[in-house]
Amino acid sequence: MNVMNAAVANFSAALASANLQDLFWFGGKSYTSAGRQADWMFMFIWWLSVAFFVVLMVLMVYFAIRYRRRKGQAAPASPGHNTPLEITWTIIPTIFFFVMFFEGFRGYINLNYNKVGAIEANLMAFQWSWTLEYPGGQITTETATETEGASAEDGRQTFTSQAAPVWYFPENTPVLLRMTSRDVIHSFWIPDFRVKQDIFPNRYTSYTFVPDPLDDASLIMEDPELGAYPYRDHILMCAEYCGDNHSEMAGLIRIVPQEIYEAKLEIFGSPRGTLAERGRIVAQQNGCFSCHSVDGSAGTGPTWQNLYNTEHQYADGSTILADDNHIRESIYVPAAKIRAGYPNQMVSYQGAISPEQLGWIISYMKTLSEATPEAELAATQVDPDADGAEGEAGEGADAAGDAGASDGSMEGTPSGG
Amino acid sequence: MSSLDSHAGSAPQHGGGHHGSYLTSKGSLWADIANWATTVDHKKIGVMYLTALLILFFLGGVMALAVRFELLEPTRIVINQAGESVTTGQRLAFLASDGATANNIYNRAMTLHGAIMTFMFIVPGIPASLGNFFLPLMIGAKDVAFPRLNLGSWYVYVFGSLFALASALVGGIDTGWTLYTPYSTMTDADHWRLVAMITGVFIMGFSSIMTGLNFVVTVHKLRAPGMGWFDMPLFVWAIYATAIIQVLATPVIGITTLMLIFERLFNFGLFDPRLGGDPVLFQHFFWFYSHPVVYIMILPAFGVISETITVHARKPIFGYRSIAFASLGIAAVSFLVWGHHMFTSQGELTAAIFSFLTFFVAVPTAIKVFNWISTLYKGSIVFNTPMLYTLGFLFLFTIGGLTGLPLATLSTDMHLHDSYYVVAHFHYVMFGGTVIAFLAGLHHWWPKMFGKMYAETPAKLGFWLVFLGFNTTFFIQFIMGAHGMPRRYASYPDEFQWMHIISTVGSWMLLAGFLVHLFTFIHALLQGKTASANPWGGMTLEWHADSPPDEHNFAHEPIVKHGPYAYDRVVPPHTDPAEYPLPEKTDLH
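Line order of the protein sequences matches chains A and B.
Numbering of the first sequence is given in the working numbering, commencing with residue 32 and proceeding in unit increments.
Numbering of the second sequence is given in the working numbering, commencing with residue 761 and proceeding in unit increments.
In case anyone wonders, no lab produced these hints; they're calculated from the structure.
Even for Gly, the Cβ is constructed at its ideal location relative to N, Cα and C.
Treat the hints with care, as some may be off.
[To be verified] Footprint (simulated), chain B over chain A, 3 or more residues, beta carbon under 8 Å: (1) 70-81; (2) 210-224; (3) 271-278.
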């Protein structure tokens, strides 16, 4: 969940400067004009409520003290009702309620109106992550771990098993997300934009926003490829309870200048890297890491560390070697064999992960395992020192090197931290 | 003095053994158990309901404490000195057994807290315990209209609760109390726990319908001679309005749970999109019951407050008829606003219609608060525990009501829906409203129910702990929600931690407050001073009966000659006129 730390920096800043007004203001600063309209509405209701509350409580406390019981002294007679007063206090709230309804409806239309000329992207939600396809078919390859993990201030905290995707959008441009779900109901919420929308498995819903320009953005990204550019991060979360890792179903919307957005799409659109690197990206895009860790820690599903080419205990008591075909079966027909101690919870990824992509994932898993065939071979031939053995096995060494690099970024492990 | 055909001469008012009291032992322990288990006395059934409810409230409370305990710290993966990654902050992880993750344990605790507190505690709550005990007494009847049905409803309730708790014992469910499909049709696919829980809810529905039906008939047919509709105490009005909702709305949850059971067991395809069903249909069904049920929870609380505020301020209620009609009005409108739970899951037009209708519930609710505060005007207000709880109710319920306005308003609900803001709002209504009123009523009627006074000083201490603990726990959650903390999260961004810590500390204060109350109640039963028939100088008929009441309530059928709150005209029976003098006559009424 620490992915969110950078994103809610506004909030921390408010706290750090002890700016209490920001704290009690409706959810900090809003970054869309429709969001600010909703904030205005909230503050209108808020101050009206405060006024009503203060009047009522002052009266209550005043009456309670002024008319406290004195022994032997009767309560003075007073009217049991007062029609003009009662009509007044019926009509006044009713008028305010009408105002709230109409203004609220107007704001609601502004928040949800599907803007013409928007960037239309498709969003697929699933337990417990999301995939977003840009109009050109690109899918982000960045996760918040890569970008935020290393910058965690004390260098100690990293992620839970979840790796949150980072989605780039240009400043001041309407965006329309066409959303649906692969399994249960989810809800898409960007608190900074003040809107959430439920996502259903059997229909499309949409989410619209126009992010503010980056005029006042204080954060500058130093990108080795694209140079320095201003950006702003907005956290998004699942707001409809969806099971075990509901609380880790997060993501980041990164607002950048138009040319950076285009450059990023260019990068996302061109397949690059080794098979293992691609496998890691495909696994991340499909939300594998919300259940499976790569560092040996426990999750809803078994960890991928040392999974490949190793024997494991299964629920029916058997022991099976996790070879290529076993991994294929576990991804396409997950209920066929259940690892001992784990629930039968995984859905089939047949259709979601292509056979080509599956091969990449297997390549990636191989880099996470010490028990590669190359290592075994080396161990029988030369010297039982695993490091040395891997160093000698040409292809294996490459894969292991890749694993080292991507591992570090996955976990956001601070180097030397 | 009394306007009743009183039995004042026939029974001792102070002490003297209560040989005719409903609590009188039948001799041996077994005879007593047999007597209570087969009783058709509404008072005993009320006490039996009260006992069961308090046990379930305790269980639900333990779950709440577990939830708050887990949320003291977010889940973190920390690199330790040795360079290994270690997961910290999963405080409930020690409960996780084979196949369950720490998040899963949190989700189960959160679900059980919600399911126990709503279905098993707060829905039956005040009507089944205080309502059962006092409705017949307040209308001058010997019992409810169908005493055996009344006993049956208790057994059905206990049976249903055991079903649901059995599900909890074998691991519980993790769907949230709202049971939204298709999550509830997919989770724990090879387990029967979910079916057991829903079956429990289904069974408890019958208990609710039986009680509601019983009360409607009782109010219509068994009022004492001379008691017209507008001579009824407002508690009776509130219970009556509640009973109507119980009879009309509960069958819907029965149907819904049955459909969900069939969906789970036989794959009917009603709600599961994989079978062509529609998950939103379930939400409509669910809230068509579960919104009116909010008023099943809160209307009896309104009734209790209308009693305690008049008795302890010695004032006729301000605007009797508008409070009575507001109860019925709320009951009617409550059936038309279920869609406001679903603003983010339906079309714009539907959302607009439901938003509009929702404001119509707000109007009568606001009127009630104005009426109660006006009742205090020129009163003779005593600060005992029931009155403190009454004032506490007005404070908390007003916050609960006002914070509901941004949730009824569409543009602001888009942000606040399913956040901690909502959690804070409904706890201010359900806990700050119903539970606080329940405690007001429990202290108010305790002397009548058990013939013993509770000790005022520790009870007041209990009030302050509960009141301050409640605000500490929940007020901060409004701010958390507005800043983006979603509900039902086992972990959260670090920034929220200090607020979660405040909230959790508040939950411990609440625990301390309830322990103090438990102590005062047990102390009262064992060593409490004997209560007189009318320790507060109340005007309604239950104060004409002995404390504790005679087995048949009244020695003679009472005849009503004045309204329930005629403090300005009549000195209540069995009271000291020096302590409760009559005001000078004026021509104001």
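Hint check:
1. Figure legend: the segment 70-81 of chain A, annotated as covered by chain B; annotation consistent (5 residues with Cβ-Cβ distances under 8 Å, at least 3 required).
2. Counting residues of the segment 210-224 of chain A whose beta carbon lies closer than 8 Å to any beta carbon of chain B gives 7, which meets the minimum of three for the stated coverage.
3. With 8 residues bearing a CB less than 8 Å from a CB of chain B, the segment 271-278 of chain A meets the requirement of three and the coverage assertion stands.
Checked against the numbered hints above, the structure breaks none of them.
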